[in-house]
Every structure is written in C-alpha cells, then in structure tokens.
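Participant: The lines below spell out each chain.
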Amino acid sequence: MQRLQWWQRGMVGVSLGVLAFLYLPIVMLVIFSFNDSKVTSFPLSGFTLHWYEAFLANAQMLRALANSLWVALFATALSVVIGVTAALALDRYDFPGKRLFQNVILLPLSLPGIVTGIAMLNFYKQIGIPQSLTAVVIGHATALLGVVVSQVMARLAKINRRQFEASADLGATPFETFRHVTLPGIRSAIMGSALLCFTLSFDEIPVTYFLTGREVTLPIYIYSTLRRGITPEINAIGTVIVAVSFVLIVLSVTLLRDRERS
Amino acid sequence: MTSSPIVALDGVQKRYGAFVALHETDLAIAEGEFVTLLGPSGCGKTTTLRLVGGFEQASAGRIAIAGEDVTERPPYRRPVNTVFQDYALFPHMSVAENIGYGLTVRSGRIGRAERDRRVADALSMVGLDGMAERRPGALSGGQRQRVAMARAIVRRPRVLLLDEPLSALDVKLREGMQVELKRLHRELGITFLMVTHDQTEALALSDRIVVMNQGRIAQIGSPTDLYDRPASPYVADFIGAANLLEAQALGGGAFRLAGGQTMVSRRADAAAGRKVSLGVRPERLLATAAAGENTLACTVTERLFHGDRLRLELTLDGAAQPLFAEMARTAAVESFAPGSRVTIQVDPADVMVFETGDGR
Amino acid sequence: MTLTRRTFPGFAALFSLPLAWVLLLMVVPYAIMISVGFWTRQFPLFYPDFQFGNYAQILADPQYTTVILRTLKIAACVTVCALLLGYPLAYFLVFTVRSQKLRNLLYMSVIVPLWVSYLLRAYTWKIILGTDGALNSLLVSTGIVSAPLDIFLYNQTAMVVTLVYIFVPFMVMPLFTVLDNIPRRLIEASEDLGVGPFMTFWKVIFPLSLGGVVAGATMTFCLSFGDFVAPVLVGGPDGIMVANLLQTQFGAALNWPLGSALATLVLALVLILLQLSSRLDRAGRVDLA
Numbered sequence: 001m002q003r004l005q006w007w008q009r010g011m012v013g014v015s016l017g018v019l020a021f022l023y024l025p026i027v028m029l030v031i032f033s034f035n036d037s038k039v040t041s042f043p044l045s046g047f048t049l050h051w052y053e054a055f056l057a058n059a060q061m062l063r064a065l066a067n068s069l070w071v072a073l074f075a076t077a078l079s080v081v082i083g084v085t086a087a088l089a090l091d092r093y094d095f096p097g098k099r100l101f102q103n104v105i106l107l108p109l110s111l112p113g114i115v116t117g118i119a120m121l122n123f124y125k126q127i128g129i130p131q132s133l134t135a136v137v138i139g140h141a142t143a144l145l146g147v148v149v150s151q152v153m154a155r156l157a158k159i160n161r162r163q164f165e166a167s168a169d170l171g172a173t174p175f176e177t178f179r180h181v182t183l184p185g186i187r188s189a190i191m192g193s194a195l196l197c198f199t200l201s202f203d204e205i206p207v208t209y210f211l212t213g214r215e216v217t218l219p220i221y222i223y224s225t226l227r228r229g230i231t232p233e234i235n236a237i238g239t240v241i242v243a244v245s246f247v248l249i250v251l252s253v254t255l256l257r258d259r260e261r262s
Numbered sequence: 001m002t003s004s005p006i007v008a009l010d011g012v013q014k015r016y017g018a019f020v021a022l023h024e025t026d027l028a029i030a031e032g033e034f035v036t037l038l039g040p041s042g043c044g045k046t047t048t049l050r051l052v053g054g055f056e057q058a059s060a061g062r063i064a065i066a067g068e069d070v071t072e073r074p075p076y077r078r079p080v081n082t083v084f085q086d087y088a089l090f091p092h093m094s095v096a097e098n099i100g101y102g103l104t105v106r107s108g109r110i111g112r113a114e115r116d117r118r119v120a121d122a123l124s125m126v127g128l129d130g131m132a133e134r135r136p137g138a139l140s141g142g143q144r145q146r147v148a149m150a151r152a153i154v155r156r157p158r159v160l161l162l163d164e165p166l167s168a169l170d171v172k173l174r175e176g177m178q179v180e181l182k183r184l185h186r187e188l189g190i191t192f193l194m195v196t197h198d199q200t201e202a203l204a205l206s207d208r209i210v211v212m213n214q215g216r217i218a219q220i221g222s223p224t225d226l227y228d229r230p231a232s233p234y235v236a237d238f239i240g241a242a243n244l245l246e247a248q249a250l251g252g253g254a255f256r257l258a259g260g261q262t263m264v265s266r267r268a269d270a271a272a273g274r275k276v277s278l279g280v281r282p283e284r285l286l287a288t289a290a291a292g293e294n295t296l297a298c299t300v301t302e303r304l305f306h307g308d309r310l311r312l313e314l315t316l317d318g319a320a321q322p323l324f325a326e327m328a329r330t331a332a333v334e335s336f337a338p339g340s341r342v343t344i345q346v347d348p349a350d351v352m353v354f355e356t357g358d359g360r
Numbered sequence: 001m002t003l004t005r006r007t008f009p010g011f012a013a014l015f016s017l018p019l020a021w022v023l024l025l026m027v028v029p030y031a032i033m034i035s036v037g038f039w040t041r042q043f044p045l046f047y048p049d050f051q052f053g054n055y056a057q058i059l060a061d062p063q064y065t066t067v068i069l070r071t072l073k074i075a076a077c078v079t080v081c082a083l084l085l086g087y088p089l090a091y092f093l094v095f096t097v098r099s100q101k102l103r104n105l106l107y108m109s110v111i112v113p114l115w116v117s118y119l120l121r122a123y124t125w126k127i128i129l130g131t132d133g134a135l136n137s138l139l140v141s142t143g144i145v146s147a148p149l150d151i152f153l154y155n156q157t158a159m160v161v162t163l164v165y166i167f168v169p170f171m172v173m174p175l176f177t178v179l180d181n182i183p184r185r186l187i188e189a190s191e192d193l194g195v196g197p198f199m200t201f202w203k204v205i206f207p208l209s210l211g212g213v214v215a216g217a218t219m220t221f222c223l224s225f226g227d228f229v230a231p232v233l234v235g236g237p238d239g240i241m242v243a244n245l246l247q248t249q250f251g252a253a254l255n256w257p258l259g260s261a262l263a264t265l266v267l268a269l270v271l272i273l274l275q276l277s278s279r280l281d282r283a284g285r286v287d288l289a
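Residue numbers (this note's numbering), protein chains in the order written: chain X, 1 to 262; chain S, 1 to 360; chain P, 1 to 289.
These are computed hints drawn from the structure, not numbers from a lab. Just so it is clear, the structure is predicted and the values come from calculations on it, not from any experiment. Using N, Cα and C, we set each Cβ at its ideal position, and we do this for glycine too. Hints may contain errors.
[Said to hold, decoys possible] Restraint ranges, calculated between C-beta atoms of paired labels, are given here:
| hint | chain 1 | residue 1 | chain 2 | residue 2 | range |
| --- | --- | --- | --- | --- | --- |
| 1 | P | Gly10 | S | Leu304 | 53 to 59 Å |
| 2 | X | Ile127 | S | Asp69 | 50 to 56 Å |
| 3 | P | Ile144 | X | Gly229 | 26 to 32 Å |
| 4 | P | Gly194 | S | Arg15 | 51 to 57 Å |
| 5 | S | Gln321 | P | Thr2 | 43 to 49 Å |
[What the hints assert, rightly or not] Computed far set for chain X versus chain S, every beta-carbon distance over 12 Å:
| hint | residue |
| --- | --- |
| 6 | Leu19 |
| 7 | Ile159 |
| 8 | Thr225 |
Given these sequences and hints, build the entire structure.
Facilitator: The following block contains the structure:
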C-alpha cells in the first residue's frame, strides 16, 4: 500500500465526510427512535421502547404496512413475468421500433413519478377503474417494468449465443432450451431485479399518491401523518424500515455476486 | 457416387440482404467421409456448415440429410450434431451433465442407466475419464474441446459438424488433437464435415477437401489431387503455397516472363499469345551453378532460418515480383546472402500453367 | 435474429403480452394525459376540447412561471452540489482504495441509503433542522447559540440540502461504473509520458468519465425537478415546486386539464433532457476495449 500523497489524503477526508453525511441522518433516526422524548432534540432523554410499542399498537399503520407488502408482492410478480418475457423478446429478435419500445419502458424510471401517477389517474378515470390498491398494483408493475427488463437483458447479453445453438443442436425444443439453458443463466438477474422491484414498490410515493383510494400503503400513511405533524412513532417505524431495507439490499447484492461467480 | 449421399446440397444459396454469403452451391458428401471445407475468412465455409446444421435458413435451394429434405427443419430435428468453435459448453452444468444433455431432452430421452453408460463411454473415447463431475470453468482449453466432442457424439448423429474445432488451441495441442480427430473418425465410422482455414490441418485429416473462395466452391478433391493438380492459381496458392508468375505463352510449352526470361513447362501448355499465370511451389526452386533449361537469374533480398530449411526471398532479374524459395541447407544455399546474385532452376514438370486471359 | 415467416410465431408468442401491456398501460395513459391538457374546464367539471388556454395560463401567469423557474433553479443547484460531493467519493473509491474487498464494501455502503425509504430520508432532515430538532438542540446545549434558530428549516436551502442528500448516491453509481471502466494502463501510459497526477486527471480521467457525469446529472436533475416530498416536508411557503402545483390541481383545485397541461410540460422537458443527454453520450462515446 503506497503512501498517500497530500491531495489523496484530502480526497480521503472529503469522501469520508460525504459518507458520514450520508449516514448521519439515518443514525439520528435510529437514535431518536429509542429516545424518551416527544421532540427530537439533544440532550437525549433516556432509552425507551415506547415508540415501538406505539407503532405496533397503531392498527391503521399496521394495516397500511400489510397493504404495502401485498402491493409490493403482486406488483413484483407482475413486473417479473411481463418484464422477463419482454427481455427475452428484445434480446432474441430484431424488429422495427425495438429501440423505441426499450426507451418507453425505461421512461417511468427517469420521469418524475408524479407525472406517471397523473397519467395513470387520468387513464383509469376514463376507463372507470376506481382508485384502489388494485390500481396501485397495476401502476407499480407498469412503472417498474424497466427495472426487470434492463437487468435481465444485461444478463442475457452476457450469455454466449452459441449455447442456445448448442442446445438446439442437441435436440432441445425452444421451450426446453429456455428451461435448461436460459433460465439458469438469468436466475440471478430475475432475483436481483425482483428484490429491487419489491423495495421500490414498497417505498413508492408519487404514483401511489394518485392511485390510492381508501386503503393506503405505508408511505402514504406516513406522508399524511407527517403533514399533520411529527409523531415519534415515525422514528420507530423508520428504523424498522431502515433495518429491513438494509437486509434486503445486502441479500440481493450477495445473491447477484454469488451467481456471477459460479 | 453409387450409394446416395449422406448430405446433399442442391442449389443452396444464402443471402443477407444484398450480400451473398454463399452462391448457388451443389455438394454431395458420402457416408463415412471426412470432408473439410477450407478457405480464408468470408469464403462461405462457415455459412455452409451452419446451413447444414440448421442454424441459418437457406435463401434458396434444398438440403437433404440421410435422404430426407431438412431444409425447413430446425436444428433440433436434424440428425446432425455440432462441435462449436468456442465449444459452447453449458457453464452451469457439470461435464457429465453437458455430455448427457442431448439424452435428457425429449427428442433423445433414454433410460437413466443407459444414459450414464453412454456418457461414460463418450468420456473414455475422448480420454477424459474421471472428469465427469468437473465444471467447464475448471477445465483447460484442450479438455473443454474434448467435452464438446463427447457431447456431440453421444447422440450418435449421422453427421458430425466441426466448426474450426482446433483453432482455439495452441500449436502443440493442436497437432495432438489432429491425431485424436483422425482416430475418432475411424472408431466412430460416421461422416465428419469440418470447417477450417488451416490448410495443413485439412490436408492431414480429410478424405476430400472443398476449397472455397468468396462464396463459391473453387475445387473439390482429395488432398493429393488438390496439391498436385490445382485447378486455379487460387487453389495452387492456398494449398501448399505457390509462386505465381505472370507470363505470356510463346507456344510449344514455352513462356516469356515479365523482364524477358523464359520458362518451359512440360505439364501444360497454352496457345501462343495467351496470358498465363505460371505456378511454381517454393520447395521446387533449386539452387544451381550451371545454366540450363529453366534457369532464372535472381538476386537474394532476404533470408530466413526455418530450422532444417532456409526460406529465401528472391527478386527475378528484370522483374519487380518477389519469388519465395524453400531450400535445404546445403553449403551452396548457406552461402546465399542478401544482395548476392544467384541462379535458380525449376524442373519443367513442376511448372503449373493457369490461363488468365487474352494477350491483347 | 431478424423476423421472417418462420421466426414470427415464436416472436409473437413472446412479445404480445408485453407489447399489449405497455401500449395499454403506459403509452395510452401518457397520451390521454397529453390530450386532457387541451380540455376546457368549467367548474366543477371539465369536458373534451382542443384549446391552448391551459398552456397560455401556465406560461403567462407569474404564479406558475415563478414556481417553474424556482424548480429549475433548485434542480440545477442540487445537481451541481451532488456532483461536487459525489465525484470525489467515486474517484476515491475507484482510484485511492486499493483493496477490492474494501472498495466493494464502501460502494455498497454508499448505495444502501438509496434503498432506505425516500420519504424517511427526507423526513430525517426535518427532525434535524427543525427548531426543536437535533441541530438546534446541539447548538443550544453546547452554548454556541443562546436560542434555537429558525433559519435552518422551511426554506429553499433546506430543500437543496435534503435533495442533495437523497441524490448523492444516484450520482455516485454511474460515476463509479464509468471511472472503474477506465483501463489502468491509460493512466500508466500518461504517467509514463511524464504527466503528473493532476494533469492526468484533467486530460485523461475526467474526459473519459463524462459519460457517467452526464448520466448521473440527467437523472438527478429530472428526478429533483419532479420531487414533491421535499417541498412539503422542509420547503416552507416559498418552497413550492412544480410537483406541488400538480398536486393541488389534481387535488383541491380540481382542475385536471390545467394539471395535465402542466404535467405534459414536465414530460416534454424531461424527454428533451433525456434526448440531449443521450446525444451527448453518443457523441462522446469512446471505445475503451
């Protein structure tokens, strides 16, 4: 390990500073979720699990949590099925409008979610679908297609074409080739993008905001609570969400990396 | 051919848009033959192989294998198997699973015991006993090549297609594998159709060679046919290499070279006035002291040491064209230094004549 | 493979579902939104029409134009700041950290915050910057100030800080990828030819990293332009951004045509930016193989 030059040490300082900047607020959140005080100020008032108990007793919040989980599950399932199919078609065939299609699919990911939410709301209103969790599921699945398609396509591109030819050469029908050769190859991408979809759907606000009816998802519930004022329960549930997200992302990256290696 | 060919191409053509990769081609391969498609990149040999394998659709013509028209059939319904250039082994399967793959899919399904037996047989045949549980990633290039071979023969195809099977191996390994291929062909008794750009490989292994150039067949024949009696300058230079000298026919087997010197051929002749290309193999140029029939005055421009032979680049007096000679290391030849003037002789029986057009 | 009579059935079997879904649920909604932008509103309903009144209203009324300009300004600020913070971090990870394991660990630790709820991450600044929040209480309790300051929260600076906080990881990702892809031998060649670290960075590394800069900047600008959470949580009365306008038009004001017209403007802006960025990207594309 070479000695670092002065400007490199400066860079280390800035970088560590930025890293600290990234984690400081989260650390604050976790600290105050255990803090025995209604306000988030120093000095700390003592350790308590009161806020966790409060959030576990909050039936509305728990229902919103359950809704979020179901929505994320269904939206991910839909997104994966449609996305993998689309990725296979895009990878295999050349057709006019292919580029355009790919760009359209990726659009909701760069577009402010609010625009997508508005577009969908307009549409559902026209065709008579009421604002509801179903609408949210469909909205999420559509917006997240790009995640699945891009990840699966990237993985497909790395598979040697000749393997498909070899499989056909050895007597496998196209479906058998998909089952024995393609699917094992993209399994890691499917799982990685599914996890990503789940997390993004769980946390989604703009699209959900416009499509949700009486039953809300957790972020929407928190958002409406926040508009009314801060309750420290938010810190508690926030910490839980941080912990779970952490676990999920580590899982997904490790899974992806392990598959890459084997 | 008295019995019907195992592979028959009839008027087969392959176009990509306006580009013609393979012009209308007829080809018949007999059962049990080892046929090689030989030529440089872009000559159409790989296209032809892939058409037989079913990986490309013919733009015109019919393809028949074992008497059945397979032109419309996809690869998984043809009785051929392919050894791919980069082996295309399935990375997520073990060696045994790779080899047995063709026997697990519906079109090849056999009982578990039988399949294991055949996989073991195939492994032995290619000399990879004990490697059954390894993964392709843990194998060397040569070992992977053998797995690809084993995988392709385990379904007992009528024809084995080999797409430049040895090109990814280094020289020593390649020579060993050539012997293996020859042995496998003999032991299996099936038809081999191989593609290569390496003419020594083609000469060593094949019963017949199909020399191709720019989407067409230039000549088909046995290795000796092609070497001794090339039909065109292209084949003469591709198989074994040849010096090609522009000359004008004088009649009676005599030809005038650019620069004024003359050559005589006792192999072939051309009508006086015709423009020809005279072909002489580098190893047929001999050093001589005396003047005589077919002696050429040259200057040595370069000299390369090739182990037991010397490769000399010579310039013919009066002409700009370089000649290449491969000569044994005699005392006389050893003394040829760049810049020295020498006399080279060719036996008139070794002068090939190819017509290239009118003298006018 | 190209589509031929033989391959088309396979293609159709595979592609019909995604195509139908995308057409019906993505293309049509956006199209409808664009067309509703031309409708007329007669309180409390709106009916189909083709008129540019909504657009005229948006572009003429200072109420709207101020907000649009403010949003542009804030998005630009956020992008620049995120770049200034994210680039050194990415550079540090790629070039200064020697061990691969450490690099991956640190990279992951930058990415992980992205997956923590976006709402929560914006919210944390509310609890930090508020009058009874962490920062003020820290300042008071250590005696630096005598009373809590209310200058931290509910203004545009707070929004910029919050959004920068949220988008730095977004910036780091493409920058990291692009910097990591620069072959080390190019840097070795530059140093071999007598060029020191600074100039090597300026003449070799930075130009080759521009693709990542453009990608990250575009993403950050587009997404912060359309954000509505930060203004609500930390923005205060003069922090309204375009997205909040959209919220009201579809909420209390119940003026869907106007809202749709505004949304269409945002859509157009983002599409233009994406096109520009992809054009820039293609123009500067260098084959590093």
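Participant: Please name the hints from earlier in the document that this structure breaks, with their numbers sorted from lowest to highest.
Facilitator: 7
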